[in-house]
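Enquirer: What follows is each chain in one-letter form.
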Amino acid sequence: MFSIYSLLATVLKYVFITIIYLFIFGIIRMITLDIRKMNAPRPKGIAKGTPYLQLLTDRKSLYFDVKQGYPLDREVIVIGRGSGCDITIDDLYMSTKHLQLWYEEGEWYIADLGSSNGTFINGKRMSDEPLILDAGDKIKIGQLEFLVVV
Amino acid sequence: MKVSMLKRPVIMLVLVNVLAFVLLYSYRMPPSANTLLIGASILTLSAATYLMISRNHLGDEYLFLIVSMLVTIGVAMLCRIKYALGIAQVGWYLIGICVFYAAYAAMRYVGLWRRLKWAYAGMSALLFAATLAFGVTINGSRNWIILGGHSFQPSEVIKILFVFFIACCYGQPKTERRGKISVKYIVTGVTYVFMLFLIMQREWGMTLLFFATYLVLTYIYENDKLLLLGNVLLTSVVGLVGYHALWHIRIRIASWINPWADISNTGYQITQSLFAIASGGFFGKGIGLGNPEFIPEVHSDFIFSAICEEMGILGGVAVILLYFIFVYRGVKIALMLPEGFEKCVAVGLTVLFGIQTFMILGGVVKLIPLTGITLPFVSYGGSSLVTSFVSLGILQAISAKRRLAGD
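Residue numbers (our numbering), protein chains in the order written: chain A, 47 to 196; chain B, 2 to 408.
Please keep in mind that the hints were generated in silico from the structure rather than gathered at the bench. Model, not experiment: these values are computed from the prediction. In this text, a Cβ means the ideal position worked out from N, Cα and C, and glycines have one as well. Hints may contain errors.
[What the hints assert, rightly or not] BS3-like mimics (lysine-lysine), calculated; alpha carbons at most 27 angstroms apart, straight line:
(1) B:Lys402 / B:Lys118
(2) A:Lys184 / B:Lys402
(3) A:Lys184 / B:Lys333
(4) B:Lys402 / A:Lys83
(5) A:Lys170 / B:Lys402
(6) A:Lys186 / B:Lys402
[Said to hold, decoys possible] Residues from chain A that face chain B, not an exhaustive set, calculated with beta carbons under 8 angstroms:
(7) Lys59
(8) Phe62
(9) Ile65
(10) Phe69
(11) Ile73
(12) Gly91
(13) Ile92
(14) Leu101
(15) Arg105
Only chain A is shown next, with the shape it has when bound in the complex (with noise of 0.2 angstroms):
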């Protein structure tokens, strides 16, 4: 009985080493991911120091045309599927004026309009409160997820 314990003890040893290792490489490679798409390079035509939104949602995935960046170069941004818009992207998830950007005080400032699908802040759904965003944070309207870098 004793014998047959000490195989599967002498096998397992190095299953856990294999898995325990496997778990650390596991970690390691979801950071890295997280940390290229946080550095990922600015895209063409946004002039340096203009703070931005970036795309991180995958273009080729999607029906309808969007940049990879947007800069955020006014006081005041609306983002929506309507042709008022500073910001027109024609998802069909997007309501016709959807949120808000806008720079006040040092800060920029983030507020939905009432969208019928919602603002995500970084996974969360924003209430009708308006948020300060930070640099890193990222914001998922329609089908599109954005990052902002100041």
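Chain A is already provided as a structure; the job is to place chain B on it using the hints.
Expert: The following block gives chain B in isolation, referenced to the frame of chain A:
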């Protein structure tokens, strides 16, 4: 780039847990279903909390994952060394998860923590005084209080209060600071008072831990090389005097420099630990096939030696790597925050974990003199595990913190 389901780290965690506890089930004669129950309860607690964090976006996902792997390894090792302690540790883990959520909620939704500077210092002083008055001496240190049949170590709680106190001082914007005495001198003074209390309780490890944390945070926040130099000089002098005046310290140093000289007495612990690590080799002897019970205190301070003996030096390095990623995430969380109280708390708690881990691991492999502190999340011990989870909950809450536009 989606990480495939099977390669996800949480699956690895489940695998380690299932294999380890099935192995332990067949190790103990007669087989007891309790072993499987221990494994299942740890797995349920870890997986439920991990899913809770990742589904509801409660901040950083990696911190808890790393910690649950450490706890799994720790409990498996404890069940193998002393079964009763393994069972007790599961109970502590359950309490730990509860206080983790409580600390998370308290840090996330209560905003007054930055204003309680002197309350932290007062609470700490009170706890120190209580330890000196009602303390019980265990293993040469008068650092335990027995309350209703349970013993706990107040210095574990004071560790967190200490970080909060420093964060109140250094985390305050320079423009808002008032008072004639510069905060760095207040912090220095309070640190020395705390260290004095700890020395009175003969808690050398904690003394060093507090001092190192203070030094690192002062280095980060205050650009004052003279203060740092003065600190190092003063403690060197005090250390030298202590070395000559106190036999406790002399023995520690002697058994670090040459444990083989007095192998049957003062050098016994450290030499047994070295024998255990050496006999493990690269892959270890296999769980249940080594003799970690020869090491005194193997369930708390020396658990790392037992891991090295039965899981090999590769297993030991894996544990170190886990702590390494943990500290990396902590620093990363701190770096992403705006300047202020929370940033200082995050960096303080991370530094505390890092230094504590280094001190005990360095001690058991004879890199630095041995100081009796626990390996966070792995060693047996209620106070240590529960307060570690309080710190983890605080870090978790800080990583999830969003500023509301009204603040």
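Enquirer: If a hint holds in the structure, say so; if it does not, say that too.
Expert: Going through the hints against the structure:
A C-alpha spacing of about 21 angstroms is found between Lys402 (chain B) and Lys118 (chain B), which places the hinted pair at or below 27 angstroms, so the restraint holds. For the given pair, Lys184 (chain A) sits about 14 angstroms from Lys402 (chain B) by alpha-carbon distance, which is consistent with the 27 angstroms threshold. A hinted pair counts as satisfied when its Cα atoms are at most 27 angstroms apart, and Lys184 (chain A) with Lys333 (chain B) qualifies at roughly 17 angstroms. For the proposed pair Lys402 (chain B) and Lys83 (chain A), the alpha carbon gap of about 21 angstroms is at most 27 angstroms, so the pair holds.
Restraint check: the Cα-Cα separation between Lys170 (chain A) and Lys402 (chain B) comes to about 12 angstroms, which is no more than 27 angstroms; the hinted pair holds. Between the alpha carbons of Lys186 (chain A) and Lys402 (chain B) the distance comes to roughly 18 angstroms, so the proposed pair stays at or under 27 angstroms and holds. With a cut of 8 angstroms, the hint placing Lys59 (chain A) at the interface with chain B holds, because the nearest CB-to-CB distance is about 4 angstroms. Checking Phe62 (chain A) against chain B by beta carbon gives a least distance of about 6 angstroms; that is within 8 angstroms, so the hint holds.
At about 5 angstroms, the closest approach between the beta carbon of Ile65 (chain A) and any beta carbon in chain B falls short of 8 angstroms, and the interface hint on this residue holds. For the restraint placing Phe69 (chain A) at the interface with chain B, the shortest Cβ-Cβ distance is roughly 4 angstroms, inside the 8 angstroms limit, so the hint holds. The beta carbon of Ile73 (chain A) is positioned within 8 angstroms of a beta carbon in chain B (closest approach about 5 angstroms), and the interface hint is therefore held. Of the supplied interface hints, the one on Gly91 (chain A) is violated, with its beta-carbon coming no nearer than about 26 angstroms to a beta-carbon of chain B, more than 8 angstroms.
At a threshold of 8 angstroms, the smallest CB-CB gap from Ile92 (chain A) to chain B is about 23 angstroms, leaving the interface hint violated. Residue-level restraint check for Leu101 (chain A) is violated (minimum Cβ-Cβ distance to chain B is 15 angstroms; threshold 8 angstroms). Evaluation of the Arg105 (chain A) hint against chain B yields a violated restraint, the C-beta minimum of about 14 angstroms exceeding 8 angstroms.
Hints 12, 13, 14, 15, counting from the list given before, are not met by this structure.
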